[in-house]
Amino acid sequence: MRLTTDQINTIVKTCRAVAGASALVWLYGSRLDDTRHGGDIDLLIEPEDSVSLLLRARIKTILEQTLSLPVDLLVKNPGVPDNPFLSIARAQAKLLEITP
Amino acid sequence: MKSTTSELLFSEKQHLANLLEAIQRCVYFLNSSHRAVEWPLSGSVLTLRKKDNDLFEALSAINERFAKLQDTLGSAMRHSLLLSGEQADSFIKVLAIFEKNQVIHSVEEWQVARTARNLAAHDYEISFDDVADHFNTLHTLTHTLYQIARRFIIYCKKELGISPSTPDFSEEFYLITE
Chain D
1 MRLTTDQINT IVKTCRAVAG ASALVWLYGS RLDDTRHGGD IDLLIEPEDS VSLLLRARIK
61 TILEQTLSLP VDLLVKNPGV PDNPFLSIAR AQAKLLEITP
Chain G
101 MKSTTSELLF SEKQHLANLL EAIQRCVYFL NSSHRAVEWP LSGSVLTLRK KDNDLFEALS
161 AINERFAKLQ DTLGSAMRHS LLLSGEQADS FIKVLAIFEK NQVIHSVEEW QVARTARNLA
221 AHDYEISFDD VADHFNTLHT LTHTLYQIAR RFIIYCKKEL GISPSTPDFS EEFYLITE
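Going down the list, the sequences are from chains D and G. Using our numbering, the first residue of the first sequence is number 1, and each one after it goes up by one. Using our numbering, the first residue of the second sequence is number 101, and each one after it goes up by one.
Hints listed in this document are in silico derivations from the structure and should not be mistaken for laboratory results. Heads up, none of these hints are tricks.
Straight-line distance between alpha carbons at most 35 Å, and here's what the computed DSBU-like set of lysine-lysine pairs gives: (1) D:K94 <-> D:K76; (2) G:K168 <-> G:K200; (3) D:K13 <-> G:K200; (4) G:K193 <-> G:K257; (5) G:K200 <-> G:K258; (6) G:K150 <-> D:K76; (7) G:K113 <-> G:K200; (8) D:K76 <-> G:K168; (9) G:K193 <-> G:K168; (10) G:K258 <-> G:K113; (11) G:K168 <-> G:K257; (12) G:K193 <-> D:K13; (13) G:K113 <-> G:K257; (14) D:K76 <-> G:K151; (15) G:K168 <-> G:K113.
In this text, all values refer to a predicted model and were calculated from it rather than measured experimentally.
The whole structure should be built from the sequences, with the hints applied where relevant.
Put into structure tokens, the structure is as follows:
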């Protein structure tokens, strides 16, 4: 995975601060592939309570400012059925956890 | 040479005055579109009214006018710095200067508005719940943009002595952004 421990901690803390402490934060896409270079940070968030568009925008803005990297954000709100893109993203995603 | 410089300065001032009028016009028409909709929207209301052309035309206009207002404000803020002699080599620097001048409350406030609009442009048409969330978000952020527009126009008058090129929309602008 092409993210540092500090970057992972920042991502998870930011997502949970806005989307709720129990939100699951997954990484998918090219940052999982150690042989590639650069690229967006593709994240999938699964919150316990629905996250509005405004909150998604806030998470994306804070992360892009903090990490100085482009962030692509998917949110799977509770009760909303998966679409094919979400299913594919989750199938190859890796759950991010805070490392003390 | 001297007259060329003063002509250039006049032309730059005139351009800013035109942008200020465009901002007031954007606010006027964005407000008209918002008034055509009953807020907040919900997915169930949109489902019931899915063939209501007047409603969906108003919503399309909100999308376009919201973007136009923010883009015009951005252009005008950047242009005003030319006239105030401030150096800004990137838009983030422009925002930082206007945060310092208290025209925007924070750089983040501006960027969240921009991000929300871009996110929505990608996926708002997938479900009526998402459409409702998208437009409710723009509705909330519109008030923020109105306040920025008002403070910016007051700033231009006070700091640069420049007002909108015509007063045609001014009265309504100040009432809407009150």
